[in-house]
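Participant: Residue numbers (my numbering), protein chains in the order written: chain A, 104 to 262; chain B, 5 to 439.
Rather than coming from a laboratory, the hints here were simulated on the basis of the structure. Every residue, glycine too, gets a C-beta built ideally from N, C-alpha and C. Please note: incorrect hints may appear among the correct ones.
Claimed, not checked - Below 25 Å or equal to it, Euclidean Cα-Cα: the simulated DSS-like pairs (lysine-lysine) are:
(1) 161/A / 144/B
(2) 395/B / 306/B
(3) 130/B / 211/B
(4) 189/A / 130/B
To be verified - With the C-beta cut set under 7 Å, the calculated list includes, among others, these residues of chain B facing chain A:
(5) 50
(6) 69
(7) 72
(8) 133
(9) 140
(10) 144
(11) 147
(12) 151
(13) 433
(14) 434
(15) 435
(16) 438
(17) 439
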Amino acid sequence: MRPVVVIGLGNLLLSDEGVGVHVIRALEEQAASFPEVDLLDLGAGGLSVLYAISGRRKAILVDCALMGEPPGTLRRFAPEEVRTVKALSGFSLHEGDLVRVLELARELGQAPEEVVIFGIQPADVSPGQELSPILQGRLQEYVDRVAAELAELQSAYAG
Amino acid sequence: MSEVTSSVEINVHHVTRIEGHGNIRLRIRDGKVEQLEWQVPEAPRFFEAMVCGRKWDEVQAVTCRICGICSVSHSLAALKAIEDALDITISEQTDRLRLLAMYGEQIESHFLHVGYLVAPDLAGVKSVLPLAASHPEVVKAVIRCHKLGNTIMEVLAGRRTHPVAMRPGGFGKLPTEGDLRAIRDGIEQAWPDAKLVVDTVLSLAGKLPAFERPTEYVALVEPGRYPFNHGSIGSTDTKQPVPVQEYKSVVNEHVVAQSTAKWAKWHRDSYMVGALARYKLNHKELLPKAVETARAFGLTPKACNPFLNSVAQAVEAVQVMEHSLVVLEEVLAAGIKPEKPQVKPKAGWGAGAVEAPRGVLFHNYTFDEHGICTAANLVIPTNQNHANIQKDMEALVPQIMDRPQDEIRLLLEMLVRAYDPCVSCSTHYLDVEFV
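Could you put together the complete structure from these sequences and hints?
Facilitator: Now the structure itself:
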């Protein structure tokens, strides 16, 4: 297990909902540049975050996020900077809330020292296998932002 | 009925923004039930449209993305339907390796359901979060069991969620014998965790509501097995199982006013699928540790309490761990042999069924002569359970309507949770405010 993990989340069949997975797929092409980093596509399996981040020094999560921003906006934040306003039915394992999952990881003492979320505001989460034109047009920018964060880490570890 | 508690108004999701999940509406006036409805939105029919136009070897790669919990089941049901349509036969090795992948998913799903959704109810807390404070070792054991299930899927199916290695006719990438030995060791080492989770549920099992309603139970059946990836469609109401290809005569999907999702019925108004149904139909095939677990809970094949579905899941979690070890020994004894599935596309119609963690799942496809999918039909376990949830509520409410409103509401929610409905994985995005 490598000290840093980047996790892409989302459902690829729901347009922009899957943006986290699209980012991970693009990052995989540069995987050789980041020997200290595991890149994981956890898809719609959000609860797997619990053990995927356990024992790491740093976790970076990329996910579709309703943040009240214009569609396509990327924001980098720590889980402590936000409050979830997501309503869950509580009926099923088939709904996820990353904020609550991270809270549980902290409660159990299994969260890394540093957790960073890259939230991307969707334009369209209706059924579909492509990103909306707005997010597709900015995909490279998202990938570059995450890669820049990894490059900084890489030099910090090397130093 | 006392006058004091004669009016109740429950509307679980009236004011929230939940998508894709059900709603309970109950209105009691003057001691009379005026409305009681389990309302559910349309199941993801749009996934069927997405596979149309896809090639025969791409369909399972789409369907496995439907759900982050049941992705192996959706993948395998698709593969079985494709293989049925294109007359593809698979080797015993492929069959065993697929079963192991299914077992990984059952381990993941059952431990998560019992640990995250059922245990908090029984412990009297609102979610798993307070449970993590009061029972951290149990929650950590649940997470380790979850990881074990996902590791099994990763080794067998190529990924921890949304498998890629399973293809029509065989495997794109086979696990090594070393991988399989590592899984075997992982399962052996997980027994104390599994026992801790099961014992914790057992210590709280007295809190399971004592409610019984006989109904029809439907699951795959096959002589000499407790099947997950084989068999015909069996029922507690008939001794004559039905071939998977005739699944439409079993599910009899129909439209009801209160729900945009279709309902199912076979010999009665409703039937139940899932762990309890499998246990009732196949209990004679359980292995010793699973039998012992069922005995510890007092679970018997006569059980007709839907809340015991969670207990049956605990029994099955033990069963699949135990049987995984048997299958792994068989695979290792035979040795992993390279295979190259040869498939010639052709026109055809095929149906496939597997036991997903929540119950029997049907996929059905039609292909043209180029192997392009022209029609698809998916019948998910939860849709088959909706009518039964409604009938359970209708029987349960008169028994509990003199209780405080909050307690009635909790019991109805617990009933739905016992079925662990899988409506859609559409709501994974974050919804946050900056503070």
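Participant: None of the hints should be skipped; say for each whether it holds.
Facilitator: Hint by hint, here is what the structure shows:
1. 161/A / 144/B: 20 Å, holds
2. 395/B / 306/B: 19 Å, holds
3. 130/B / 211/B: 15 Å, holds
4. 189/A / 130/B: 16 Å, holds
5. 50: 4 Å, holds
6. 69: 5 Å, holds
7. 72: 3 Å, holds
8. 133: 6 Å, holds
9. 140: 6 Å, holds
10. 144: Hint holds; residue 144/B Cβ to chain A Cβ min 6 Å, cut 7 Å.
11. 147: At about 5 Å, which falls below the 7 Å cut-off, the nearest Cβ of chain A leaves the hint on residue 147/B intact, so it holds.
12. 151: 4 Å, holds
13. 433: 4 Å, holds
14. 434: Check passed: Cβ of residue 434/B comes within 4 Å of chain A, closer than 7 Å.
15. 435: The hint holds - residue 435/B has a Cβ within 7 Å of chain A, the shortest such distance being about 4 Å.
16. 438: 6 Å, holds
17. 439: Holds, about 5 Å.
Checked against the numbered hints given earlier, this structure breaks none of them.
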